[in-house]
Amino acid sequence: MKKILIIDDDPEIRDYLSTLFEDNGYQAVTAADVPGALQTAKDERPDLITLDLDMPGEWGPRFYRHLSQDKELKNTPVIVISGLSGNKYAIAKAVASLTKPFDREELMSIVNETLNPGK
Amino acid sequence: MFQRILFATSATEACDHAARVAFNIAAMNRSSLHIFHVLGVPTRGYSQDVMDVKTKEKVEVDAEYVSWVKEEVRTYYEEQLKDKADTEIEVAVGFPHREILRQARAINADLIVLGRSTGQEADSVYKKSMAGSTVQRVARAARCPVLTVSRPAASFWGGLSNIVFGTDFSGASDKAFAFAVELARSLGCELHIFHALDVSAMLVGKAITQDEIEQGRREALRRIRGKYISGMEGIKNYTMEVWEGIPFIEIVKYARENYADLIVLAHHSRPEETEMSTIGSNVEQVIVRAGCPVISMNR
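Respectively, the protein sequence lines represent chains G and U.
Remember, our numbering sits 29 above the position in the first sequence when you count from 1.
Remember, our numbering sits 4 above the position in the second sequence when you count from 1.
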């Protein structure tokens, strides 16, 4: 089963996304901040990451920079999900950037396309 | 690091991303933030009639009008102002670049923050009376570092931890280097020293062999070591790199590939930089194209 790491400081968003991904046949793991997310990414080796930008302490782009410096994790696809204006510019190499409130169909379509290309 | 930040704004969407940078840097440094808005440009000479920047109507400016515009600016930044105690809002009438430079001197600003040029708006009042952009003119003549956020991509994405200092080995670059080091030291940043070896002459037919390019890279790296390493005491995390190409493209690319939060550059050292002289084209291009804020220094 493909695994998705959800990084968001809002517990409601983490719960919502976990349920959405599990209902669609994926395993979900979560983290509430950048240090926790880095540890979880190393431990769990997710196949895809959803990333919030504006979080207390370090922001999402900082996480992406750490991720890109880890040779085991650097190619993990990232989807930005944030309420911040202009969020599509924050991480140039993100698979997609969605603005909260986001369309669940659109998100699942991007997730399915990324994790199961050609299906 | 910055005690007084002057944020010059049109109080429109064009400056929203610069506002995010200005408010966040002010919060990080506990700086006082001076929000400065040039409300209009005189319709001619010393006329009392001005063209209002936001309404684009001809108005007579009096104390009541100024106070109304101040309130408008306050309302525009209401959300950000809730969390920031030490702020002032000032408005003025005149050509924006002159008023911004005047205000920066008046408050002894140690950083000016500017948004993207309103020149991208076809009906900008600022642009109707002046050729060239406010950003260019302020960056050329300011006495303090000028931070520009030209694109939404260059907005604030979570702090300053990774600085690219681009050098052309000029005297002005030495000043910019000292500033970049001080900033990196005070914020605990990683510092990347970068030089772009200009091979643009190849585009107009000049033959440069690969051996010459690689020799140039080696020499530039040696110059970086000789010139800058001794001044980096206290900075543990740094890199040095030389890429060949068109300088402004290479600097922007290098910053992007290294996830830079900030680029620090100097203008070419010329003895008399005024607001009317031309800005170094590479610096100008980096300011316009960078995916992170750019601090330019001219003295």
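Just so you know, not all the hints are guaranteed correct.
[Stated by the list, open to error] Short, incomplete list of chain G residues facing chain U, as computed with Cβ under 8 Å: (1) Trp88; (2) Gly115; (3) Ala119; (4) Ala121; (5) Ala125; (6) Thr128; (7) Lys129; (8) Phe131; (9) Glu135.
Just so you know, these hints were derived from the structure itself, not from any lab.
The beta-carbon is built from N, C-alpha and C at its ideal position, and this holds for glycine as well.
Checking each numbered hint in turn, tell me which of them this model violates, lowest number first.
5, 6, 7, 8 and 9
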